[in-house]
Each structure stands twice: as C-alpha cells, then as structure tokens.
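What follows is each chain in one-letter form.
Protein chains: 2
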Amino acid sequence: MAAADCVLKLGGSALTHKGRRESARDGALRSAAGLVRELCAAGAGRCIVVHGAGSFGHFQAKAHGLASGSPTNSESLRQGLCLTRISVTKLNHMVTEQLVMCGVPAVGISPFGAWRTAGRKITQAGIAAIRDSLEAGYIPVLHGDCVLDSEQHCSILSGDTIIEVLSREFSPKRVVFLTDVDGIYDRPPDTPGATLVDSIAVNADGSIDPPVLTSALPHDVTGGLALKLQTAINIVTQSNGSIPVLICKLESEVAKRACLTGELRTGEGTKLFLRQTEETTSVIASGWAG
Amino acid sequence: MAAADCVLKLGGSALTHKGRRESARDGALRSAAGLVRELCAAGAGRCIVVHGAGSFGHFQAKAHGLASGSPTNSESLRQGLCLTRISVTKLNHMVTEQLVMCGVPAVGISPFGAWRTAGRKITQAGIAAIRDSLEAGYIPVLHGDCVLDSEQHCSILSGDTIIEVLSREFSPKRVVFLTDVDGIYDRPPDTPGATLVDSIAVNADGSIDPPVLTSALPHDVTGGLALKLQTAINIVTQSNGSIPVLICKLESEVAKRACLTGELRTGEGTKLFLRQTEETTSVIASGWAG
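Note that the protein sequences, when read in sequence, are chains A and B. At position 146 of the first sequence the residue is numbered 146 (the UniProt record's numbering), and the sequence of numbers has no breaks. At position 138 of the second sequence the residue is numbered 138 (the UniProt record's numbering), and the sequence of numbers has no breaks.
Careful: at least some of the hints might be erroneous.
Any copy will do: because identical chains look the same in the list, a pair fits if it lies in one copy or spans two.
[Unchecked claim] Simulated pairs of lysine to any residue, SDA-like, Cα-Cα distance not exceeding 25 Å:
#, residue 1, residue 2
1, 256, 204
2, 121, 266
3, 62, 102
4, 62, 252
5, 90, 239
6, 90, 24
7, 256, 24
8, 121, 41
9, 121, 191
10, 256, 131
11, 121, 196
Note that these hints are calculated values from the structure, not bench results. On a predicted model such as this, the values are computed, not experimentally measured, just so you know.
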C-alpha cells in the first residue's frame, strides 16, 4: 500500500454556513481548492481529501433519525437516507468541481455502498477505490455519508471516522483538520479570554494533556469537535506517534505550511503528538505556551 | 443473489439535448421518475436504473481522447477524466434527485472506483454495492462513467456495458431500454418510410433476423445504437432467452406496461427474444409485422 503525503479534513463548519440549509461558503471552497493545488505544485499531491457535511444533509438526517437508525422502521429511514445523500453528494460535487476547475485531478468518491457498518461500527471500508485512485495520480474526495448498517438499517459515517480508517490504511505523513477557527481552544473560542492551545500531548493510553480538553467542549452543538478531538487522539496513539495531527484554519496562510511541513508556530493552530515518556514535563509546558 | 424485477436503461438521448452541452430534458427526467414510482407502487420496485450521459461528459471525453486512453499520456487523460466525471455525475445527481423527490428510494452509485477495465474489458465490477442496496430496499442509479484501465490509464464504461453485466448478475425478469424514439427502425427513423421493427429474433450464435439491423445504423453518430443493439443481443443469448429485452420510448404510455409485464403491442416498440429452433419461420414473420 502506497503511503499518502497528507490526509486533509475540510470541516463542514468551514465549508458551509452551518445554520443555513445547503449553503456553501464559496470563499472556503476556493481556499480549499487553491490549497490542494499548491500542495500538488509542491510535489505533495498524494493527498486524500475528506469533507464534512455542515449544513448539507444535517437537517434531513436529523429529521429522520438516521444516526440511531432502527431495525424496524426502514421505510422512513430509507426516505431519510435518500434525502440526506442527495444533499451531501451535492456538496461533494461542489467541492470536487472546485478542485477540478483549479486544475487538481480530483475524483469524488462517495462512501455509500463501499463502506458499511454494524451497530455503527465499520465492518467494511472502501479502501480499494481510494488506493487505486491515488496510485493512478488522482486525489480522492470523500465525504461524511449515510451508509447501510446490518443492525439498524443505516448509520451516519462521519468524515472524522473515515479519516481515522484512512490514517491506518495509508500511513500519511500527517493529518490536517482545516476548520473555521484557528484550532482547539481552552474554552469556547467566542468566550472572552479563550486561548488557543498550541499543542496537545497524547499519552499512550489516549489521555491527553492538558486534560481539560476532553470534557468541556460545549461550543460545538453537533458534537463534532468532541469527535474530531477523539479522532485526532486515536490517530496519534494508533500510529504510535508516527502520524501527527494538526488543526488549523482553512482560510489562512498557515494551512499550506501545515500541510507541507507539519509545522505550526505559536498561535497558528493546534498540534497533537504522542508524549514520549522521558519528556513528559516539557511537553505539558509547551501545551500551555500559546 | 436476489433477482431484480427490471433493469432500466435511460438513454442519454432521451434524458438530454444531445447537441447542447450539459442540457437535461426536464420532462424526460420527470417521466423517468414517475415511471419508476409507478413500478414501486405496483410492487415491482426491485429495479436497477442505469442512465447514459448524452450531452453530459460527451464533449469532455471526446476532447481528451478518453475512450482510447493511452499508456503514456496520463496527465491529459487525468484532466479529461476529472472533467468528464464532474459532468456525468452532475447528470446522475439530477436523475437521482428527481427520483427521490418523487418518493422513490433511489441512491446514486457512481461506477468509478468499484469498476475497472484492462484494455477496455471489464476486470472488476462493483456488484456488491448494488446488491446490498437492492436488498436493503433501494433503487441503485448508475451511469456511464470513465473508469481506471490498467493498460491505457482509463476507458469509457458505457451504460450499455454496465447493463450487460447487471443482467448476468441479477437475472432480471426483463431489461428495458427507454429511448427518445419508439424502438429500432429498419432505417434511420427520420427517413421517409422508416418502419418500426416490432420484434427481433436472436439466434443462439448472436445473429439476428431481420439481419439488416446489424449493419446499417448510420443514424446514430456516437455508435450508441449499434452498441445498444449488441448489448441487447448479448443479454438475450447469454441468458439463454430467459431475459427478454425491450426497447421503447421513455416519454410514452407504453413504458410502464413494458416494464411491468414485458408486453409491447404492434407499433409500440421493439422486443428482442431468443429464437426457438422449431419456430424460426413464424418469428421472422412477426419481426416484420410492424
């Protein structure tokens, strides 16, 4: 399996106006496409892009209870799944089209069909299509989707969960979450005094320093940031620290350097890395330096 | 493997204005969706829909020579493949959305990734996703697409070729091609005196009566009708006659009955079936009755 340079997550909050149904942020789409084009030009074009749904699919999925599914009420779930997929694939088409218009060899690959779950746990991941596309010189563009679930008819497969699987399969040099804020804050970022956390040390058991971050993340109503952070932690621990995870702002000058080099300077974003047992103290210190 | 009620091919000529780039015929989209909804209501909803590209993708694919591909010139092919896929998936989204808006549990499934070719011959068919969707009560909606080819980088996988594979895998009761004309004519349908051929007898060796149909099909500039006819012949012979193929007009009252019962009356369309050795003469006679 060929390794990827980078797995990029384009956050749904960054790409869309979250409160406005099916409303994409054109500037964010252009920024994302321009960024990937620069990565290609710099010879780091072995990327996989995964984007969230934001205000696409969210309303339909919620209205039909797709996340919890049901072993019996499949009629309503089917309708919900179809409506949700129409919406999320619309955004996937917009993202992919913008990339292609910028000269990026992007191909949209929708998880439905190739990915499956059982009780919300992934039982089948559509890796072959992604691997083949990468090896042929393309940049696969996946998205959070609804998929078939053998226990509850269907489930939501989030972009973050996809990222975690891709990290295992493609051993990227780094995973970069591109969001609508600069990174992870010590409290909701719109709270006075909120401070960007420059780095988070992940222990081998999955606990993190500073630990406060695991609990209080009330500023994300969809639970997305909690899942994002857990995903980031899982990637760092499962790769035994070989895959650092960076979180920074999509529409920024920082994003390109983060993707190309993995470098984030103080105040530019949040980096998660595995704590080496010998240097526990210094890592914690740097975690609060921002 | 569960059998399907019907495999439906929505012709690109029927769905789009062929000469106008990326121009869908809204009436045709609505007709197709209304038809599938009626099939579902009649308890015959185990359908697979495959549509052509028409004026979506055609121009981009031609400009970049995607059909013949190349073992070396992959940069231009990649660009062409991406542009073509943006276009054909746009139409797939429109078709699927129209179906879902009509209450049909339709899911778009794009061949790229799951289907592959070598020297234009299919080496991998994405059957599992279609089977799983059918079994979960969905109607998969596939389309002609560009796919990766291990010898010439990429190739065009036509909707007709997909149909042939699906017929083998899902043993439908019938395959129905829905087009912009009533069926197959004895000469170009816009020629004075052109006569609709009601039925075509297919011999076990693939030859047909009336035999004139195999050669002169100059009225289809893309070669689509020749391929369509060959596909139809292959389906009839490979299934040993158990799968009849019907060709009729999408926007007609005939289409529903053809899909539900396999019946086409004189002048309503063209039906292909396997010639039984004992009744050769009568089959040929009925072939010219229209």
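Exercise for the section: Return the numbers of the hints above that this structure violates; sort them in rising order. Expected result: Checked against the structure, the hints that fail are numbers 1, 2, 4, 5, 8, 9 and 11, while the rest are satisfied.
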